[in-house]
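Generate coordinates for the entire structure from the input sequences, incorporating the hints supplied.
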Amino acid sequence: MSLPSPSSHPRPWEEKSSFIAGILAYLVPGAGHLFQGRTAKGLIYLFSILGLFFWGQKMGEGMVVYNLPEKGSVLKYVSLSYAAQLGAGASALPAFLQNRRAANPSNHVIRIPSHPMVEQFEGHLVPADKDTEGVLVGTLRVEPVEGGEFRGTFEGTLDGKPAKLNLGGSRFELDPAIKAGFRREIICGIADSVAAFPTKVIEGTIPRPFKDAYASPPDADQLQEINGRLGKTYELAMVFTWIAGLLNVLAIWDCVLGPAYGFGDEHLKAKSNEGSNSPQAAKSSPTPSAPVSTSSSAPSTISTPPTQNEGSPPKSSV
Amino acid sequence: MIATMLLAQTNVTWHMLPLALAISLVYSASRYELPEYILVRALRLFLQIVGFMGGAFLVLWVLTYGL
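Just so you know, the protein sequences line up as chains A and B, in that order. Under the working numbering, the residue at position 22 of the first sequence is numbered 76, and the numbers go up by one with no gaps. Under the working numbering, the residue at position 4 of the second sequence is numbered 299, and the numbers go up by one with no gaps.
In case anyone wonders, no lab produced these hints; they're calculated from the structure. Backbone N, C-alpha and C fix where the C-beta goes; we use that ideal spot for every residue, glycine too. Do not rely on the hints blindly, as some may be mistaken.
[To be verified] Distance windows between CB atoms, simulated: (1) B:Gly346 to A:Ala144: 34 to 40 angstroms; (2) A:Pro64 to B:Thr359: 51 to 57 angstroms; (3) A:Lys70 to B:Gly350: 41 to 47 angstroms; (4) B:Val354 to A:Ala144: 37 to 43 angstroms; (5) B:Gln343 to A:Phe101: 18 to 24 angstroms.
[Claimed, not checked] Which chain B residues face chain A? A few, computed with CB under 7 angstroms, are given here: (6) Ala317; (7) Val321; (8) Ala324; (9) Ser325; (10) Arg326; (11) Glu328; (12) Phe352; (13) Leu355; (14) Trp356.
[Unchecked claim] If you want the ones that stay clear, here's a sample from chain B, every Cβ over 12 angstroms from chain A, calculated: (15) Pro313; (16) Leu329; (17) Ala351; (18) Leu353; (19) Gly361.
Structure representation (structure tokens):
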């Protein structure tokens, strides 16, 4: 392994605006380092932190990052869970806005469609006794009509066979637009079979746009359902996003102030100083203004960097 | 990586491995500047974490043996 002399290392975190770098590092983990030209570290932070964050999101089916402040909590505007996730930057910030959007009075269960809708539907045909009668996959078209009712059609398959249903009446329920989960629950009554099957409905989901689902708060039923279904996996998903947010604090610190222990090869400098007949030389810092620690008892090989400073404050910093 | 993800589908505990790896990398990167040292330190920390978890698993396994 060939390394430059310890004293010849450039200090990129001092060459560009640390304020801009810090902001970038917060918004996108690793971006501040890339801005400073510290590519390797930037990529480590980028993939490690964002990888953890989005893997957690994937494991928790998109219902992991949200902001639901609890009354009486220490933090007034954020939940403790979200406070940890907030460190991940721009990926977590939308939860602030989504919380406000979801709390808007206009975001409620829709009983009558306000405008014509065409959506891809997945669900079931449900008879009066609530037992599922068949799996429906296809296109749902609904529109409002006078009298506070709706009409529409379903075209697709019922248990794999082609099916077309005429929908209508007053039985219509559509989940709020802004809510956690990338599927939106919907219930529609069946129109032209009212006489034969008076209470038949189709019940299922339609896609919820990313801008309405991402980082939106789930309701109590959703939380209960996903906790019951995913169990430990959901909890681990939360932990992934918390750790990602907290790890980015380290990355921001490193971006603004430089590495905590130095470049890592200070023992080489100390060794060379020892060889130059100066007993005190090994105690001097090779990087004058960084929070760098050195030791005269450093290891003698490159493959085993010094460990004595791990977990303890630097012995000398200038 | 693919093998790890396949394992993760069978037991949630396997998610701890990439988690420990990411923590090791980020922590070491925040301590040192040179990539060579970051990787060496990250590998060592990763092994320490996995070793500790393995030890804890062993203790629990012994304590619950036969239950």
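Hint check results:
no. : hint                                     : verdict
1   : B:Gly346 to A:Ala144: 34 to 40 angstroms : 36 angstroms, holds
2   : A:Pro64 to B:Thr359: 51 to 57 angstroms  : 54 angstroms, holds
3   : A:Lys70 to B:Gly350: 41 to 47 angstroms  : 44 angstroms, holds
4   : B:Val354 to A:Ala144: 37 to 43 angstroms : 42 angstroms, holds
5   : B:Gln343 to A:Phe101: 18 to 24 angstroms : 22 angstroms, holds
6   : Ala317                                   : 4 angstroms, holds
7   : Val321                                   : 4 angstroms, holds
8   : Ala324                                   : 5 angstroms, holds
9   : Ser325                                   : 4 angstroms, holds
10  : Arg326                                   : 5 angstroms, holds
11  : Glu328                                   : 4 angstroms, holds
12  : Phe352                                   : 16 angstroms, violated
13  : Leu355                                   : 16 angstroms, violated
14  : Trp356                                   : 18 angstroms, violated
15  : Pro313                                   : 8 angstroms, violated
16  : Leu329                                   : 5 angstroms, violated
17  : Ala351                                   : 17 angstroms, holds
18  : Leu353                                   : 21 angstroms, holds
19  : Gly361                                   : 24 angstroms, holds
The structure fails to meet hints 12, 13, 14, 15 and 16 from the earlier list, while all remaining hints are met.
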